[in-house]
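Student: Here the protein sequences come in this chain order: A and B.
Going by my numbering, the residue at position 105 of the first sequence is 105; the numbering climbs one at a time, nothing skipped.
Going by my numbering, the residue at position 53 of the second sequence is 53; the numbering climbs one at a time, nothing skipped.
Just so you know, the hints here were simulated from the structure itself, not pulled from any lab data.
Keep in mind the model is a prediction, meaning the values are calculated, not measured.
Keep in mind that the hints are not guaranteed to be accurate.
Claimed, not checked - In silico lysine to any residue, SDA-like type, Cα no more than 20 Å apart, as pairs:
{"id": "1", "chain 1": "B", "residue 1": "96", "chain 2": "A", "residue 2": "55"}
{"id": "2", "chain 1": "B", "residue 1": "96", "chain 2": "A", "residue 2": "50"}
{"id": "3", "chain 1": "B", "residue 1": "96", "chain 2": "A", "residue 2": "11"}
{"id": "4", "chain 1": "B", "residue 1": "96", "chain 2": "B", "residue 2": "44"}
{"id": "5", "chain 1": "B", "residue 1": "96", "chain 2": "A", "residue 2": "30"}
{"id": "6", "chain 1": "A", "residue 1": "57", "chain 2": "B", "residue 2": "44"}
{"id": "7", "chain 1": "B", "residue 1": "96", "chain 2": "B", "residue 2": "15"}
{"id": "8", "chain 1": "A", "residue 1": "71", "chain 2": "A", "residue 2": "102"}
{"id": "9", "chain 1": "B", "residue 1": "70", "chain 2": "B", "residue 2": "84"}
{"id": "10", "chain 1": "A", "residue 1": "11", "chain 2": "B", "residue 2": "42"}
{"id": "11", "chain 1": "A", "residue 1": "11", "chain 2": "A", "residue 2": "78"}
{"id": "12", "chain 1": "B", "residue 1": "96", "chain 2": "A", "residue 2": "2"}
{"id": "13", "chain 1": "A", "residue 1": "11", "chain 2": "B", "residue 2": "20"}
{"id": "14", "chain 1": "B", "residue 1": "55", "chain 2": "A", "residue 2": "98"}
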Amino acid sequence: DTGVSQDPRHKITKRGQNVTFRCDPISEHNRLYWYRQTLGQGPEFLTYFQNEAQLEKSRLLSDRFSAERPKGSFSTLEIQRTEQGDSAMYLCASSPWTENTEAFFGQGTRLTVV
Amino acid sequence: AQTVTQSQPEMSVQEAETVTLSCTYDTSENNYYLFWYKQPPSRQMILVIRQEAYKQQNATENRFSVNFQKAAKSFSLKISDSQLGDTAMYFCAFMKRGYGNKLVFGAGTILRVKS
C-alpha cells in the first residue's frame, strides 16, 4: 500500500464547469476525510465518511459540492458550477476506526478555476 | 467551536540550531488531542508529534518535542538540531476526543532551515 492517493494532482477548469476528484484511501481504513486548503491557510474540514456513510458535513460544503464513498472504498468529491472562490487545494485523508490515530493525507488536488 | 492560532507566519533557523514554533488554541473541551503536522513543499502532510490532553508529560519524538501548557492552552513545538529536511510548513491541529478524527488546523508556520 502506497498511502492515500488522489487524482488528478492538478485541475484547471473554466468557471461554471463541473469537476470531480477521486481519493483512494489506505486499504482497510474505515474513515475518509476531505479538507480544503486555500493559499496561506491551514486545511479546513469539509466532510467525512465512516465506511460508506457520510457522517458529517461542514457548512463550507455548499449545495454545489457533493461527496460519495460507494462501498466504503474510494471517494469522489464533485463541485458543480465551479466559481473562482473554489480555487484551492483539496486534501483527502484516511484513518482507521480508532480514536487516537493519526490521519494519513494524500498529496492533494490543486484546483484552479479561471 | 475550537480555534487554533499560530502567530508566526514564517520562521528561519540555521542548520543544527534549535527553533520553537508557537501554537495556542481555544476550547471548552477537557478531553482532546493536539498534533503538529509537517507539509514539505509539494508533498503530503505527515504527522510530526501528538499530545493527549490528559497526559501531563510532554511528548517527544527524536529531535521534536512539545511544551504543552493546558491551563494556558498553549502547545509549542521545539525542533532541536535543525536539518535542511525540516524546511516545511508546520501546522498545529486540535481534535476533540471521541468525535471522529476531524482536525481543526491553525494557519501554519513556514519554517526555513538555512545552511
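Student: Indicate, hint by hint, whether the structure satisfies it.
Tutor: Going through the hints against the structure:
no.	hint	verdict
1	96/B with 55/A	16 Å, holds
2	96/B with 50/A	17 Å, holds
3	96/B with 11/A	33 Å, violated
4	96/B with 44/B	23 Å, violated
5	96/B with 30/A	18 Å, holds
6	57/A with 44/B	23 Å, violated
7	96/B with 15/B	35 Å, violated
8	71/A with 102/A	23 Å, violated
9	70/B with 84/B	31 Å, violated
10	11/A with 42/B	15 Å, holds
11	11/A with 78/A	13 Å, holds
12	96/B with 2/A	28 Å, violated
13	11/A with 20/B	36 Å, violated
14	55/B with 98/A	19 Å, holds
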